[in-house]
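Visitor: Listed below, chain by chain, are the residues.
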Amino acid sequence: GESVGLHLPTLSVQEGDNSIINCAYSNSASDYFIWYKQESGKGPQFIIDIRSNMDKRQGQRVTVLLNKTVKHLSLQIAATQPGDSAVYFCAENIGGGSYIPTFGRGTSLIVHP
Amino acid sequence: ETGVTQSPTHLIKTRGQQVTLRCSSQSGHNTVSWYQQALGQGPQFIFQYYREEENGRGNFPPRFSGLQFPNYSSELNVNALELDDSALYLCASSGTSGVNTGELFFGEGSRLTVL
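So the protein lines, in turn, are chains C and X.
Counting from 1, one number per residue, gives the positions in the first sequence under our numbering.
Counting from 1, one number per residue, gives the positions in the second sequence under our numbering.
Heads up, none of these hints are tricks.
From the structure, some residues in chain X lie toward chain C, with a derived Cβ separation under 7 Å: (1) Gly42; (2) Phe45; (3) Gly109.
Here are some chain C residues the structure puts well away from chain X; computed CB gaps all over 12 Å: (4) Ser28; (5) Lys56; (6) Leu65; (7) Val70; (8) Lys71; (9) Ala79; (10) His112.
If you're looking for bench data, these hints aren't it; they were derived computationally from the structure.
Every residue, glycine too, gets a C-beta built ideally from N, C-alpha and C.
When you get a sec, could you build the whole thing from the sequences and use the hints?
Guide: In structure tokens form, the structure reads like this:
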């Protein structure tokens, strides 16, 4: 079946660097995409979202890019900090009115001081 | 504003037993979703409740059942527990009256171990 997946299970960066976490999706009916951050021992926390009628959205230190042509989503974190260390999930939602996002496996981001 | 709270935080059961997990949704939210998260995996959708009615269900057997109460709190029940049911069970609430932004607010989960 169609699913959300991530290219890299682990990403290690130095503090202050920019981080890019990638995600591939295959369901062409998906119209809403969300990035979540999950710290150890906690539930996922919303970071940023984007709808399929957009190709870029910016938040505080984070940017999400959506490329519908190749069904690719990325999360960019500027000036990565040790507090950004966590597992990051992309999730897709299929249109139709209900918000029931499907999560990918996740990428572990490790930030070295 | 009170966030999503789940109980118990940890529990241990044996195969064949039954378990009930509880969730209090964030104030003003009318939708509750339950997810199962196995170690090293992303959350897998179990079901969603909207105003006390099931609003969607994932690929889980009927021994996974749920309820939503008039105050929008919710329960997840699992019967005939199996070893593979060991996981973190996450509850998420969303939606305000008339508006559903799509953002899920997660609790910290209930860690279930089945022996």
